[in-house]
Amino acid sequence: MSSTTTATGRRSPQAAAELREGPHGPSRFAFGVLLLLSGVVAASLPGAELLDRSGPDSLVGDAARGRALFSGRGRCVECHHFEGRGRQVAGPSLDAHWAAGPALAARLPLRPRPAGWREEVPGDAYLLQSLIEPAAFVADGWTDAMPAADGALLRLGRQDLADLLALLNPAPAGTPRWIPEIGAAGPDPWRALPHADVARGEELFFRSDDSACSGCHLVRVPRLEERFHAPFWKLGGLVGPELTRLALVAGPDAILASIVRPNAARTSGFRDMLLETEGERLLTGLLVAQGAAGALLLEASPQGPLFQWIDADSIASIDPVTDSRMTHVFAELLDPGQRLDVLAFLRAAALESAALGEAALPGGALGARDPAAALYTGRWPAAARPELLQQIPGLFVAGTISQPSDQPRNP
Amino acid sequence: MRIQTAISSLALAALAANAAAASTDPVPANGTLAGKVVFHGEATAIPKLAKLDMASKPEHAAHCLAASDTSERGMLVDKASLGIANVFVEIRKVNKDEWDPKGVVLQHADQDHCRFEPHVLVVPVGADVKFANSDPFMHNVHFYAKKNPAANFGIPEKGEKIVAFKADEKVRVKCDVHPWMDSWVVVTSNPFHALTGPDGSYSIPNVPPGTYEVRYWHETLGSLKVKDVVIGEGPTNLDVQHDNGDWKA
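Note that the protein sequences, when read in sequence, are chains A and B.
For the first sequence, the residue numbers in numbering that gives the first Met the number 0 are 0 to 410.
For the second sequence, the residue numbers in numbering that gives the first Met the number 0 are 0 to 248.
Take these hints with a grain of salt, some might be off.
Unchecked claim - Calculated from the model, a selection of chain A residues having no Cβ within reach of chain B, i.e. all distances over 12 Å:
#1 Arg64
#2 Leu245
#3 Ser313
#4 Arg324
#5 Gly398
#6 Thr399
To be verified - Pairwise CB distance ranges, derived in the manner of DEER restraints:
#7 A/Asp252 <-> B/Ala66: 20 to 30 Å
#8 A/Asp318 <-> B/Thr210: 29 to 39 Å
#9 A/Glu386 <-> B/Lys165: 35 to 45 Å
Stated by the list, open to error - Interface residues of chain B toward chain A, partial, derived using beta-carbon atoms under 7 Å:
#10 Val37
#11 His39
#12 Tyr143
#13 Lys146
#14 Asp175
#15 Gly221
Everything labelled a hint here was simulated from the structure, so no lab data went into it.
These numbers come from a predicted model, not from an experiment.
All C-beta atoms, glycine included, are put in the ideal place defined by N, C-alpha and C.
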C-alpha cells in the first residue's frame, strides 16, 4: 500500500494512522466480515428473503401520516416545496427533484448507497441518507443548512422516516421499507449539528450589531482574543451569563429554548435591577456590587460593558426587574438555520476551552492576570470605592452619581 | 411631538377649568405659573450630544439613519435661549378631586426611524396610550417600572398596541432590538403639570391661588423641589437653573 502524502511531501497524520491500522481500521474490517457472513447465511436459507422483508428492520409507511409530518412536526415545509405547499426557502423543491420519476432515476447513480444499507423501494436509500445525513449530498445551488431528521432538533423516529418515505417515494400500500437503526451512535444530542456552520455562527455571535449575542454574553478562548486583539473581558458583554463552556453542560435543546424563550429558565445572579435615585432617576443594569459606600451597576452599551457607581446616599431603592432583559426578540432576529449556526459555534468554543483545561475557566489563572477580572467573576469587594474603576484601563465608566454636597455636579 | 403635547395641555386645562367652575363658592380668578428651566453658563459649555450608533444594526441602518435627528436626547439644551427641554414640572397639593383623566386622552407614542417619538411623553393615569410602530420592521417596547406592571411586548411593522398606566411614575421605555432607543413615559394623576418645550419654557394655567411646592424632574438632572411658591391671580414667574444646588441626582 502506498502511503498518502500531502502536497508538501510530508506524511499527513491521517496517512500515518492508516499505516498503523490499515485503510479502515480493524473495527470496520471486522464489521464488513460480519455483514458478508450474514448475507451468505440469509441467502442460503429457504424463505430467508421473505424473513428479511418483514424483519425488524422493515416498516410500512403511511403517506397520510407522512403528509402531516411534512408540514407539522417534521418541519420540512419550512424550507422545501412539495405538492403545492411550502416555500422553496433553504432547500430544493421536492416536486422538481423527487416526485418526477425520470429526474430521480437520473440522480440515483450519482450517489452510491451507504455500505450496509438495504433498499426495498428504489430511491429509499437516497432519501433516507438525505434525511439523516443531510450533509452527505447537497443539491446543486443549496447549502447544507438542513438538520438531521433524527437529531436533537427534529427528533423523528424510524416510523416517522417510513411515513415520509411513503409520501415522497410512493409504492403500493403495505410495501415494507428498510430503515436503518438511528441514533445508534449513542445519545449525543449534538449529532444534529455537524451541518451547521461554526464560522457563520461565530459571525452571528460577534456581528457588529447591538443585538449580537456578544452584546450581553462572553465567550472567551485565546483564539478569539487574538482575532479581535482584545483582552478576554472585552470579547463580550457581561450582563448575561458567560457562555464559554455552556455547551458542555447544556444540550442543544436547552440552549435553543433559551434563545427562543429566555424567560423560561433564568440563570441566578443575572437579574436585571432597577435603581431609583433620590432624584427619581431610573437606572437599569446588573448589580455588580453593593456595600456601605454605594452600588456598582453594569449595563450593556454599544461601546462595551458600561459601569456606573452610585453613592449610597443617592440611592432611593434597588429592585429586581421581573422579566429577562433578553426578551423574546432573538426568536425574531435569528432564523432557525442561524440558531443552529450559533449553537455550533458555542459547541466548538466549549470544546476549545475544555481542551485548555482549568486555566481558561472563569476566575481561573487566565482571569486573575487582569485587574478587571474581579468585576467579571463576582469578586469586586463590597467596600470598594469608585476610584478603583479608574485604575482599570479601557473600562467605560459613566459619571458617578452622588449628591451635590459630595462632588461638583457634572450634568 | 409639540402638537400632541399642546393638545394634551389644552385638554387638561379645560378639565381644570371645569373643576373650578363646578364649585359654588365665590372663586378668585385662577393664576398661571410660568417660567423657564435654563442652562446656567456660556453656550460653549453646553454638553455635546453624542451621535447614536444607529448604523450598528446593519440591515436597518439605511432606514434608521434617515431619522431627522440621530443624536442623544438625554440633555437637550437650546443654544439660543439656553432652555432645557423635557423637564416635567408639577405643582403639588392643588385640589384635583374632580379630575378624572380615565379615557379622556388617547396619547400617541410612535417608533419612527428607530426613535421613540416623543422622547418624553406625559400621560394621565388610566388614559389609553397607543404605542405604534411606523417602521418597516419589528420593534419591541420594554417598560422599566416599579409601581406599574413591567411589560415587554413586540410590535410588528406598522402595528400598534394600546396600554394604560395605573400609577404615578416615571417609566423608562426601551427597545431591545435597537438598544439606543430610550425614552420616558411620565405617568401623572396631577392635572397641574407641564413639560418644558425646546426653549425650556413651561406654563401651567388655571391654578387656584395659594402657596405650593413646585417640583421639576429631568431624566439626567434628577429632581428639584421649590417650596413656598406663592401663586396669586394672574401670572407668576418661576425660572430655575440646571446647577441650582438643590437638584438631587
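For this session: Kindly indicate which numbered hints from before are broken by the structure, ordering the numbers from low to high.
Result: 3, 4, 5, 6, 7, 10, 11 and 13
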